[in-house]
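> This is what each chain is made of:
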Amino acid sequence: EAGVAQSPRYKIIEKRQSVAFWCNPISGHATLYWYQQILGQGPKLLIQFQNNGVVDDSQLPKDRFSAERLKGVDSTLKIQPAKLEDSAVYLCASRGTSAFRTDTQYFGPGTRLTVL
Amino acid sequence: KQEVTQIPAALSVPEGENLVLNCSFTDSAIYNLQWFRQDPGKGLTSLLLIQSSQREQTSGRLNASLDKSSGRSTLYIAASQPGDSATYLCAVRGTASKLTFGTGTRLQVTL
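Chains as they are written, first to last, in the numbering used here: chain A, -19 to 96; chain L, 640 to 750.
No wet-lab data here; the hints were simulated from the structure. Zero decoy hints are in this set.
Across the chosen pairs, the derived CB separations fall in these ranges:
id, chain 1, residue 1, chain 2, residue 2, range
1, L, Y715, A, R44, 35 to 45 Å
2, L, Y715, A, V35, 29 to 39 Å
3, A, S46, L, E642, 19 to 29 Å
4, A, Q30, L, P653, 40 to 50 Å
5, A, I(-8), L, T684, 22 to 32 Å
6, L, S736, A, P41, 16 to 26 Å
For every residue, glycine included, the Cβ atom is placed at its ideal position computed from N, Cα and C.
Generate coordinates for the entire structure from the input sequences, incorporating the hints supplied.
Listed below in structure tokens is the structure:
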């Protein structure tokens, strides 16, 4: 099966600009996650969707970050306006409900954002 | 709030050596613990998942153990190879299905 797709792979912007990331999860996966991974740290959950509803967005900086998952498939994460501290890799993951791997999250390659 | 710590932060070993990576967590009320591998510029790949009722899981040269009561897990890699060079991340899942990650151990296996 195809993996989790993300685009773009790299993005360089100046502070106060806007940026959007796109994620296409594994077909049939109802749960989708966005993580932020700052250099030298582990991934931190930003938002979790179940189909097109938000399950957890407690660590999403809502004054500048927004995310949506229309039709319960693809998802976009937006930052507006970006700050220097937003420089990180943004990872998308999805989870399905197979009989054997119900708890495994499958990760995409990530989008590396650099804010100058 | 769950906190996950991994020791050491970096490790360099010669090829063929056996090694142990450590992970500790503060809240023992976990659903499961997972070890991931991350290669530069790539996403995370799940290596082993241990349910809270289990004590260990094995896959090939990898063995992960879990002591939930003491808040510890270890990942044992036997007969290390240069292809094992990567960052290894430990993550615990609480009852809310949220994963909390450690900061990772960067492993370098030299020829």
